[in-house]
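A.B. asks: Quick mapping for you: the protein sequence lines, in order, are chains A and B.
Using this note's numbering, read the first sequence as starting at 1 and increasing by one per residue.
Using this note's numbering, read the second sequence as starting at 575 and increasing by one per residue.
FYI, nobody ran anything at the bench for these hints, they're computed from the structure.
Any given hint could be a false lead.
Said to hold, decoys possible - FRET-style restraints, in silico, Cβ to Cβ:
id, chain 1, residue 1, chain 2, residue 2, range
1, B, GLN739, A, ALA236, 54 to 60 angstroms
2, B, ALA702, A, GLY406, 30 to 36 angstroms
3, B, GLU941, A, LEU390, 44 to 50 angstroms
4, B, ALA627, A, LEU10, 20 to 26 angstroms
5, B, ALA769, A, SER311, 43 to 49 angstroms
6, A, SER526, B, GLN739, 31 to 37 angstroms
7, B, ARG694, A, ILE367, 36 to 42 angstroms
8, B, ASP879, A, LEU81, 54 to 60 angstroms
9, A, ASN287, B, ALA627, 41 to 47 angstroms
10, A, ARG317, B, ALA769, 49 to 55 angstroms
Think of the CB as a built atom: it goes at the ideal place given N, C-alpha and C, for glycine as much as any other residue.
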Amino acid sequence: MISEPRIKLLARNVAAFRRGGSVDRQVRLVPGNPVSTRLESGVGNCFPGLECDLRNLERRFFPLLEVDIGDNEIRVVSVDLAGLAATAAAGGLPPAAVAAYQRIATDTEQGRNWSISRLSGDFGPLGALTLEVRDFTSVSSGPGRRPADAWTAIRLLREGTNVTIRLTRPSQPPVTLVGARTRYLDDNGALATIFLPGELNQSLCSPWTHDFRDCACFYWASNHPDIALPPLPTPAPNQPEWNAPVEWERADRSSLGRPPAAVADGPGATGPELDHLEINSKWQLLNFVVEGRERLTPYAPASPEAHPLASAAELERHLRYAAGVELAVVQQYLAAAYSIRSLRQSDNEAFTKDISAAKAELMRIAIEEMRHLRSVNDVLASLAEPRAFLPALNVASLLPATSPGGAPLPVRARPATHDAILEFVAIEQPSASVDGLYARILATLVANDSNQQAHTIRSVMAEGEEHWRTFRFIFTWLNRHPEADYLRSTNLQVPPPGNPQHAELQARYKAVLEQLYAGYSAGIPSGAGEINAARMAMLGVSGLQGSAEAVAAAGFLVAFDAIADPRFQALDPP
Amino acid sequence: MTSAHKPPAGAAASGFPLYHRFRSELGEHVLIVPQTRIYDLPAETAAVFDTDAGAASAVADVLSLSGPQEVALDSFSVPKPQQISLNVTSNCNLGCTYCYAGRGSFEGKQVGAMTWDTARQSIDRLFASCERSRPVTIGFIGGEPFMNRRLIHDCVRYARRRGNQLAIDARFALTTNGTMLRADDIELLQGNPFAVTVSVDGGALTHDRHRPLAGGRGGSFSQLARAVGPLIKQPGLAHVCARSTVTSIDLDLVSRFEGIAALGFIDVGFSPVRAGCGALGDADWGRYLDALITVAVSEIARARDGGPLRLSNLAIALKQLHRGFSSPYPCGAGGGYFSIGTDGNWYACHRAIGDERFRLGNPVSLEEAIRKQFLAERHVHAQAECRACWARYLCSGGCHHEAPHRTVQSCNYIRGWLEFCLRTYCELMDARPDLFEPISIGGKTP
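Model the full structure from these sequences, guided by the hints.
C.D. replies: Printed below as a string of structure tokens:
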């Protein structure tokens, strides 16, 4: 009974608004609605626009006539005969004018076109003018300025002032009519009755037809995505290819046994989409997209709630593991970044842009994960008893699972293959994997009123979400190209034992860890020297950077061996 | 009107009414009883509420659910102390006819004045046990508090200093007959966040009849007017209000109100005597309601012309209706509020000094088990006759101390007054929305 429409309540006091039916509820963001669905985000470009095409007003600028307006043409499309009869009966028109209107009406009905070739009147800021319609040049500037086109000229005419029009038809003597420029609005500001219902909207774009098919790149304000993650079968598979964006308007609407073809945009690379005819008849087959993924079943929000950890000891274990995860992903992202070959003169511009962007972003993210390592250590230090803090520099043995109930991921050096990047997307995905780990840490810090530490973790999480978005871009860039084109080799391996470049890399890596350990142990300010020394030891030819380049140049993956030192040895998840 | 003793319309299966229908000049409305949600009803929906109790109760049931920012009304908690009043003296310079405190002595249960040690220890306990993120209030009461002027000044100075050290927002309250205010007292009140309640019953005639000087030395009105005048003119940080205690022998609230307003008060409230000398009887409650509404109607007319609402009974009720005030307790007694006798014992309320049934703590500590039982017994759901009343979360059973004197007629007065206030709320929300704080939920306004 509750759902029957006859019940309608209008909230009046604060408590009623708080319960629902409130402005707050109407405007709050819900999954699936981008901010562009808000009313204030409506596209207001009115020439033409999505709500109304104001140019239609000028179609009735002259009494009793309806015209089509081009840049250099004003063509009569109808005559208001009922209005003409009423005006004539009231003595508002001389008989010659009535006869002229009737003649034009008859010709128009029979497909013989009359056009307005000359306009004389008060053109507002441009003053009194006589203008030949065919002479408009699309330019309007300088002394003696003229309107740029026919519509602009008409728009400039002052309401209520007399306008003289010269009408012509091939091989017929011209007709001259005089009338006041029509009022578009009545005294109450409402649209004048001369306009028919729908007349102002008649030239608008129509998003559910061809335009919907043709206008891509998020043109429509509140509408459709170009790409989305594919709908998941049940149970949800764990393979990374289900996390690759696909064409939303794909022509292939087949079953879910395998994911649809991933997006590979670029010239000629777009997969087949529904064509114009199909989009008109099959638009209802397009799936709802919520949180970036197509949905075939009612959306059930995942619980956003993260449960606080039970004790301070458990919090410390999770923070130490989080630091280890940061170290592990740094290693993975560096391996991927250094697997991308150097660019050559012969590479084309599109390839150069994609590959250089992908490598630069991979390096940026790896460096930001190093900062996260520092942030987590700062939080641990702030929570520890004085002088009891031990830095967290043990690399994680496994990464958190990327789906609920899934298996943890191994930490392994991999080249930047399409699959590897998709796995990085999954690792950084909000509310899952690494983000899920931090969510519990954050919930614990918030519950403990550890506000400063909570703020630090929030920043780490926010950057993690940015990494997730960036990895999706990286995937798009790299997925445009065969792996063989941009990797140093399709068969990149971890260097064999005894490889001198690899051995040098390990030595420098351990030295950096030693410096970090000393710096973190001493804290700021006394440890600043060591921390800065570690930073410097990463850069340049003589640093980690140089070593990594050397390993890559030798044709191997940049990888980091397990270290037996208890300060740096592998750490299992809590 | 709904009787407290028969099942009313809008009762859910449990027997607890979930909604109450009312009308205003704007049209039809409904009050959802739990959480005090107020809705306008189109005629068609109003008809459903009036004819289909099942559908209406189902709707009300859903709307009754408490949201994330709301306290469930069947919940029971023992909050931290947040407000105390210090009975700084058991003496008074007046001999009011209806005084519940026997001029501060509480029939001999309270003697002497509070010492500095007792006051300081009480303040320290409040600071040690309060929720520090919320303001605390230290009140001064008696007797006439300014009979122990020195202690008030010392306490304020101490509480400000300690509050600053502990980052606690300390505020103050004081109930006074206003006759003893000196320049240094006014300076104290002006310079600190004080809620000052001045007991003033009306114009000179009414006031002097009820509030004579002790020892038969005549009325106190002229002393009051002289002493309070400068504070009313320049209240500084203080908020000054007048409270008129109404007895059954003089229910002419209009002339009382005019007499008090003539002193310059812009916040005037009435408080009827419910027990003891001058208490309103069953025959008086209807007349009292009519008189209160008469004053209110006049104030509402002023408000519609742009004036402030000076009748605090109305202004507070409207503010609470606007916010959706909804509570199983009528006040903080024994919850966040305690009154400390001159002997240092902690009582649930200043009305009950010396009453063992209301003593919830000794000079050293609160007796938590007794306190818990006190609160459990006084939850409105534990009051059999209140459970069937639609006004139960607005009235919450009324003052614990006066509850034994509750009658059907006195409850009818409460419901009648709330019905009037509900109607007025809707009408003034329409006519003077600026009188109410803007509705803002999640940063959005309608």
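A.B. asks: Hint by hint, note whether the structure agrees.
C.D. replies: Results of checking the hints against the structure:
1. GLN739(B) / ALA236(A): 54 to 60 angstroms: holds (57 angstroms)
2. ALA702(B) / GLY406(A): 30 to 36 angstroms: violated (50 angstroms)
3. GLU941(B) / LEU390(A): 44 to 50 angstroms: Since GLU941(B) and LEU390(A) have Cβ atoms about 47 angstroms apart, the given range 44 to 50 angstroms holds.
4. ALA627(B) / LEU10(A): 20 to 26 angstroms: Holds, at about 21 angstroms.
5. ALA769(B) / SER311(A): 43 to 49 angstroms: Since the Cβ atoms of ALA769(B) and SER311(A) sit about 44 angstroms apart, the hinted range of 43 to 49 angstroms holds.
6. SER526(A) / GLN739(B): 31 to 37 angstroms: The hint (31 to 37 angstroms, Cβ to Cβ) holds, given that SER526(A) and GLN739(B) are roughly 32 angstroms apart.
7. ARG694(B) / ILE367(A): 36 to 42 angstroms: Taking Cβ atoms as reference, ARG694(B) and ILE367(A) lie about 58 angstroms apart, which means the hint is violated.
8. ASP879(B) / LEU81(A): 54 to 60 angstroms: Holds - the Cβ-Cβ distance for ASP879(B) and LEU81(A), about 58 angstroms, lies within 54 to 60 angstroms.
9. ASN287(A) / ALA627(B): 41 to 47 angstroms: holds (44 angstroms)
10. ARG317(A) / ALA769(B): 49 to 55 angstroms: For ARG317(A) and ALA769(B) the Cβ distance comes to about 51 angstroms; the hint holds.
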